[in-house]
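The lines below spell out each chain.
Protein chains: 2
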Amino acid sequence: MKHVKESERSRGLVIVYTGDGKGKTTAALGMALRATGYSMKVCMIQFIKGSWFYGELKSCKLLAPNFRIIPAGKGFIGTVDDDKPISQHIAAAREALRASKKIISSGSYDVVILDEINYAINLKLIGLAEVLGLIRKRPLHVSLVLTGRRAPQQLIDVADLVTEMRKIKHPYDKGMTARKGIDF
Amino acid sequence: MKHVKESERSRGLVIVYTGDGKGKTTAALGMALRATGYSMKVCMIQFIKGSWFYGELKSCKLLAPNFRIIPAGKGFIGTVDDDKPISQHIAAAREALRASKKIISSGSYDVVILDEINYAINLKLIGLAEVLGLIRKRPLHVSLVLTGRRAPQQLIDVADLVTEMRKIKHPYDKGMTARKGIDF
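The listed protein sequences correspond, in order, to chains A and Y. Its first residue numbered 1, the first sequence is counted upward by one per residue in this note's numbering. Its first residue numbered 1, the second sequence is counted upward by one per residue in this note's numbering.
Worth double-checking, as some hints may not be accurate.
The list cannot tell twin chains apart, which means a pair is met if one copy fits it or any two copies do.
Said to hold, decoys possible - Pairs of lysine-lysine, DSBU-like flavour, derived with a Cα cap of 30 angstroms:
(1) Lys124 with Lys61
(2) Lys167 with Lys137
(3) Lys102 with Lys169
(4) Lys41 with Lys58
(5) Lys167 with Lys124
(6) Lys180 with Lys137
(7) Lys169 with Lys124
(8) Lys61 with Lys174
In case anyone wonders, no lab produced these hints; they're calculated from the structure.
Generate coordinates for the entire structure from the input sequences, incorporating the hints supplied.
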């Protein structure tokens, strides 16, 4: 193991969960559970409108008051719906980015989860440069978790931990529908 | 989408999180958070002695009373320690298997997480046939989550959902140490 400076030890990590498999947001929720177990403060911000189900919000209450969740588009929560006009998705992602800047720079949260931000970058709903700036300028103790498929290489380059969730098998392939408590 | 029989809809899923990347146990914890958000009952059983940190146990209390956690080796919890004699690991894994049988067959838990069971099979601490029997004979409403690297192909064959957590980048590579609330 290489030598690590003291400042490095207290620095928050930048974590990326990407890939086409299930488990990215779920792992971020698991991290929220771990961190709040230590009385750390966690905030999760949604970047893709309609990508959450009610399950996340119900779970959120279990971890109160140390876990806050900010849905995209101010409170709109629905099932995944690809018919929404792109302008709605852009507005939601931009609003999520503004909220993230505020939450991160406040320094009051130890872990900030930017849910589906990778996908939002990939869809060009928000710019990569702005996200890289957000990471660079964060208070050093803040850990960031960025989820979503197709994380750009420049994001992977600045991250400390990157896991690709690769789909080997998915129940939808067999025609199964989403399950309460499992998928949402 | 193919036609799905009604009995299939209410059947619990068999989920496998495998691979060498971070996020397997974390995703299982996230699933526990989601499920308990719906007042479902969840039990997590540890198969590899010393594979958990205190974080899991602290988090567990946040989800009480619907989340139960059973550490391998009856309460022994330490940091990962590869110096333990293999006999201790075998005893812990066998005890975990016995506990799992009891917990699963009781039908009182909606989701049972068998943490690091894939790795325990791979290390031949427990037999694959016994685990396949456990899956086959479970009460149908029970969902199982099997974590750990190197899941055997026969397990993947019977699973509904399989995600490989592939390591792209890990902070230990840069000489960083484990972080409270993130890793444990």
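Status of the hints after comparison with the structure:
1. Lys124 with Lys61: neither (32 angstroms within a copy, 41 angstroms between copies)
2. Lys167 with Lys137: between (33 angstroms within a copy, 26 angstroms between copies)
3. Lys102 with Lys169: So Lys102 and Lys169 pass the 30 angstroms test across copies only (28 angstroms; inside, 38 angstroms).
4. Lys41 with Lys58: Answer is both: 18 angstroms inside a copy and 15 angstroms across each meet the 30 angstroms cutoff.
5. Lys167 with Lys124: Answer is both; intra-copy 24 angstroms and inter-copy 26 angstroms each pass.
6. Lys180 with Lys137: Cα proximity of Lys180 and Lys137: across copies only (23 angstroms, versus 38 angstroms in one copy).
7. Lys169 with Lys124: Cα proximity of Lys169 and Lys124: in one copy and across copies (29 angstroms, 25 angstroms).
8. Lys61 with Lys174: neither (33 angstroms within a copy, 36 angstroms between copies)
The structure fails hints 1 and 8 (numbered hints given earlier, in ascending order).
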